[in-house]
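Q: Protein chains in written order, with this note's numbering: chain A, 96 to 358; chain B, 257 to 477.
Errors might be hidden in some of the hints.
[Unchecked claim] Just so you have them, the derived chain B footprint on chain A, three or more residues with Cβ under 8 Å:
#1 135-146
#2 177-190
#3 247-256
[As the list claims (entries may be wrong)] Restraint-style ranges between C-beta atoms, simulated for each label pair:
#4 B:271 with A:158: 45 to 55 Å
#5 A:131 with B:373: 22 to 32 Å
#6 B:271 with A:110: 23 to 33 Å
#7 A:115 with B:369: 24 to 34 Å
#8 B:366 with A:283: 51 to 61 Å
#9 A:107 with B:365: 47 to 57 Å
[To be verified] From chain B, some residues computed to sit far from chain A (all C-beta separations above 10 Å):
#10 393
#11 424
#12 460
No lab work stands behind these hints: they were computed from the structure. C-beta atoms are modelled at their ideal positions from N, C-alpha and C, and glycine is treated no differently.
This is what each chain is made of:
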Amino acid sequence: MAADTLVQVGRSTRVQIARQTARIEFLGRLVRSALAYPPAALPLLARTLMNQIRFTALHALPFVVVVATVVGLVVLVETMGQVARFGLTDMLGRIFVTVVVHEIGPLLTAIIVLGRSGTAIAAELATSDVLGEMDAMESLGVDRMQLWVLPRVLGGAISVTILTVYFNVATVLSGAVFADLLGHADVGALLEFFRVGVSVSDVGITVLKSALFGAGIAFLCSYEGMGAGGTPTGIPQCVTRGVVASLAFVILVSTVFSLALFL
Amino acid sequence: MSAALRFEQARAHPDEEPLHLEVEAGAFAVMIRPRSPAAGALRMATGQLRPAAGRVEVLGIEPARLRGRALSRFRHRLGVGFSPDGLVSNQTLRLNLLVPLLFAGTGHREARLATDQMLDACGLGQWATARPSGVPAEVRQCAAVARALVRRPELLLLHDPFAALDAETIQRLVDQCRRSAGTVLIATHREEPVLLGAADRVDFGSVTTTVAGESNGTGTN
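Based on the provided sequences and hints, a complete structural model is requested.
A: Okay, here's the thing in structure tokens:
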């Protein structure tokens, strides 16, 4: 029994190492492709990038704002009750920034983008592979990493950053407005709390984290999409793998950032 | 005249019949084969498939030995069309033709001009802004051939390119292939009369074949 378990553990470990090694190789191919991008095709890259940003950021904006408004209400109501009990009302801005701007904003935004765009990326690339589109372009000397993956990774990084900024602003505003409506505090005073509580480094950390989330989601979903195995039945499986891998990545990066800031 | 394409007992898979074929520069050759071996032969020629046996030489180069940028630069000299057509579904027909030109280093203005000229020459001018999913099957096939020709390649490789087309359209595309490509090899499993009539030589796979052609001065060394 113990021996069987050991064999299973060993086998699973080997599979995981192979999987991570393959992802690192894919990252290497992406970086190499980016550095060798033909100058004549840069307008095409810009155009594809704008399409990605439009789909990922612009079309998701209404939903992000709705979620941010609800989150702002919930977080502020919960926080107000606790800080008032312990006489820490002047800490409200700092607490809100730490919770929302550093953690909830980037994390929830990434999860929204993962559900909307990550799944679409994995499915789209898998379908292109199954239909022979990538093979056909490759036979003409067009690098599939340059045409399909690079614009999506760049677009993901930019889009999640933009959406996170919107999310954080919407959350703070909604929190302040609801606090005022509920009679807990004055909107102007709250917004001043938040303004004082947000430093340049807070903004920098948020931007960096968001860009990493966006690039990571697009990268992992592209990787899984291109590994669908060339059959239609592989498409839903690769979408699932992309979502799970991206979720694990987002949580891992979030944890690392939190620990690094704490330490 | 040197050979533009040479298969020496080449097999894409171990259980296939070996292919022995030589196509001289400037020739218009047709190869009649079952579907899978024909596709495999073209993939060996583009370097997308390593020969399981034998040797393949294209424009004096063995594609199986190339990697990275050298392989891309080699493929920029080719025009290739597979079946199914592999047109990128979220791009217009114009963009499908523009992309191979841009990635080969052609400037945007020049590439756009070449694209529009080839679309018109292949009878696709009115479909330039349509996506592949929104056009009839015969238009897709014409577009796939146009994409293979748009760079005026030294060597044109097509797999079953005319299945959905009528005789008049096939003749127009065959004429365009002769004008725009240096050497042509079309692999098909069907004995299309217009195609067989236009070919310098037809290979049915049972004998060693050398195909010699007249140079048309386009894309040859």
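Q: Range hint 22 to 32 Å: satisfied by the CB atoms of residue 131 of chain A and residue 373 of chain B?
A: Holds, since residue 131 of chain A and residue 373 of chain B (Cβ atoms, about 29 Å apart) stay within the stated range.
Q: Are residue 366 of chain B and residue 283 of chain A spaced within 51 to 61 Å by their CB atoms?
A: Roughly 60 Å apart at Cβ, these two residues keep to the hinted range, so it holds.
Q: Are residue 271 of chain B and residue 110 of chain A spaced within 23 to 33 Å by their CB atoms?
A: Taking Cβ atoms as reference, residue 271 of chain B and residue 110 of chain A lie about 31 Å apart, which means the hint holds.
Q: Against chain A, does residue 424 of chain B keep a CB gap of more than 10 Å to every residue?
A: holds (26 Å)
Q: For the pair residue 115 of chain A and residue 369 of chain B, does the Cβ-Cβ distance stay inside 24 to 34 Å?
A: For residue 369 of chain B against residue 115 of chain A, whose Cβ atoms are near 47 Å apart, the range 24 to 34 Å is violated.
Q: State whether the coverage of the segment 135-146 of chain A by chain B holds or is violated, taking the criterion as 3 or more residues with Cβ-Cβ distances under 8 Å.
A: With 4 residues closer than 8 Å to chain B, the segment 135-146 of chain A meets the three-residue bar; holds.
Q: Has the hinted range 45 to 55 Å been met by the Cβ atoms of residue 271 of chain B and residue 158 of chain A?
A: 54 Å Cβ-Cβ, so the 45 to 55 Å window holds.
Q: For the pair residue 107 of chain A and residue 365 of chain B, does the Cβ-Cβ distance stay inside 47 to 57 Å?
A: holds (55 Å)
Q: Is the Cβ of residue 460 of chain B more than 10 Å away from each Cβ in chain A?
A: Nearest chain A Cβ is 25 Å from residue 460 of chain B, so the label holds.
Q: Count the residues of the segment 177-190 of chain A whose CB lies closer than 8 Å to any CB of chain B, then report whether that count reaches three.
A: With 0 residues in contact (Cβ-Cβ under 8 Å with chain B), the coverage given for the segment 177-190 of chain A is violated.
Q: For residue 393 of chain B, which was marked as not at the interface, is the minimum beta-carbon distance to chain A over 10 Å?
A: holds (14 Å)
Q: Taking 8 Å as the C-beta cutoff, is the stated coverage of the segment 247-256 of chain A by chain B satisfied by three or more residues?
A: violated (count 0)
When held up to the earlier numbered hints, the structure conflicts with 2, 3 and 7 and fits the remainder.
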